Amino acid sequence: MSNLAQMLEASGASVEAEDDFDAINALMREKGWSDGLPVVPPTEARVAAMLEYCDRPWDQPIAKIPPRWGEATPLRLAANAVMAGCQPRYFPLYMLAIEAMCEEPLNLYGVQATTHLCAPLVIVNGPVARELDINCGHNAFGPGHQANASIGRAIRLALVNIGGAIPALGDMSTFGSPAKYSYLVAENEAESPWEPLHVERGLPREASAVTVIGAECPHNVNDHESLSPEGVLTTIAGTMGIAGVNDIYYQSHPLVIMGPEHAKMAAAGFSKSEAKKFIQQRAHVAVGKLSRENIDRRVRITFKERLPNPKPEDVIYAVQRPEDLLIAVIGGAGKHSAYVPTFGATKPVTRALKTADGKLAKSVEDFRRR
Amino acid sequence: MNQKVRLVVPEAPSPQAVAVTETRAVASGGIRLGVLDNSKGNADHLLKFIVDGVKAQLPVASVVSLRKDSVSLPAPDAILDQLAAESDYVITAMAD
Chain P
1 MSNLAQMLEA
11 SGASVEAEDD
21 FDAINALMRE
31 KGWSDGLPVV
41 PPTEARVAAM
51 LEYCDRPWDQ
61 PIAKIPPRWG
71 EATPLRLAAN
81 AVMAGCQPRY
91 FPLYMLAIEA
101 MCEEPLNLYG
111 VQATTHLCAP
121 LVIVNGPVAR
131 ELDINCGHNA
141 FGPGHQANAS
151 IGRAIRLALV
161 NIGGAIPALG
171 DMSTFGSPAK
181 YSYLVAENEA
191 ESPWEPLHVE
201 RGLPREASAV
211 TVIGAECPHN
221 VNDHESLSPE
231 GVLTTIAGTM
241 GIAGVNDIYY
251 QSHPLVIMGP
261 EHAKMAAAGF
271 SKSEAKKFIQ
281 QRAHVAVGKL
291 SRENIDRRVR
301 ITFKERLPNP
311 KPEDVIYAVQ
321 RPEDLLIAVI
331 GGAGKHSAYV
341 PTFGATKPVT
351 RALKTADGKL
361 AKSVEDFRRR
Chain Z
1 MNQKVRLVVP
11 EAPSPQAVAV
21 TETRAVASGG
31 IRLGVLDNSK
41 GNADHLLKFI
51 VDGVKAQLPV
61 ASVVSLRKDS
71 VSLPAPDAIL
81 DQLAAESDYV
91 ITAMAD
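Those protein sequence lines, which keep their order, are chains P and Z.
Using our numbering, the letters of the first sequence correspond one by one to residues 1 to 370.
Using our numbering, the letters of the second sequence correspond one by one to residues 1 to 96.
It is worth saying that the hints were derived from the structure and are not from the lab.
Possibly wrong hints are sitting among the right ones.
Said to hold, decoys possible - Selected chain P positions facing chain Z (in silico; Cβ < 7 Å):
#1 GLN6
#2 GLU9
#3 ALA13
#4 SER14
#5 ALA17
Just so we're clear, the structure is a prediction, and the values are computed from it rather than from any experiment.
Using N, Cα and C, we set each Cβ at its ideal position, and we do this for glycine too.
Sequences and hints are given; from them, build the entire structure.
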């Protein structure tokens, strides 16, 4: 199907280097092909092993990554996946995440180039999440699992090396974010009292899927005292009512991550859609919390129909419609949830893992070349 | 001396910049100038300065100024279509 050696003869497809780890890493840093950490050298042999799990033509782009609009071919993606430390069997899910985040609703151009500190967050659902041992439990957003760490890192490397999200050039984020190193988790479906995120978003339960969100880092919601569904949801809603987040000015889709203990408590009284409605109605910031200049230059324009003459006690919602709020159950034991604000001008994208013939993949082994 | 190894390049090149090859048909009364305000604070002021500067150096027949609702989202088709129909050249700018 694809001849790697022939592809590498193309101009700019490969580079010769001294076969030495330190020398290769020095070259990578010099070229700007690094996130600052050492990378695994993307040798022809390692890239070939990665591509064993690719059932598409290796030199045909699966997406174009902004702001450079560089062509994301499996070949280039495989090099980035090797550099990040991915196992070859991670490759189908990695390609899926890249495809999903390049779909128009996510507005990856904005997510990449903005002064805001957002990054694409990938939430994985379905059997492949378990097959690849993607952490959905304790410390899901932290270190300790190769799949979370390396697939997330490979995404960032592709966003930089293919998309051109180079700090202060293509990525103008004022602060950046630790989420720009790696930002990938799975939903804790086994501990969730509700339907999984991908099912709620229209896919069959047996599908494996990614949901991508242009997101900030999680902000913790500590509630050890509530004993009722209303109590825990009230604390979450109260945490979301803050000035200075992008979401209040857009028809946005922020994310609430519920720890399993909080989720089970909430589910004792609410379906997922009812929980969203409860939170949406109570997650708001009072106009009086905003500066006079923001009220005059933004609130009066953005909400000119609902708040033509805003008063301090009027409210702006953290999410405009209940159905726009995302809820996922992630994490281990502990009475915590988290609020994840977004870039605002972005919509989540959910995409199922399918083989080249369009069938839902049951396993990453479905992609392996025979 | 270590042996040489071949590495796969992880980078995609920038798409080739497309050179403007079309000769614009400019009306004899001057150019029709389009202005796209991206709605960032002070973009309108910056663009006004630029338009004034263009007018000082070139004959300008008309100026059509349009504004995006969001700095973070692409301009809607209606705005782009109007600019394409009513402008020979379009200036856009970011400000803050």
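Going through the hints against the structure:
no.	hint	result
1	GLN6	violated, 13 Å
2	GLU9	violated, 10 Å
3	ALA13	holds, 6 Å
4	SER14	holds, 5 Å
5	ALA17	holds, 5 Å
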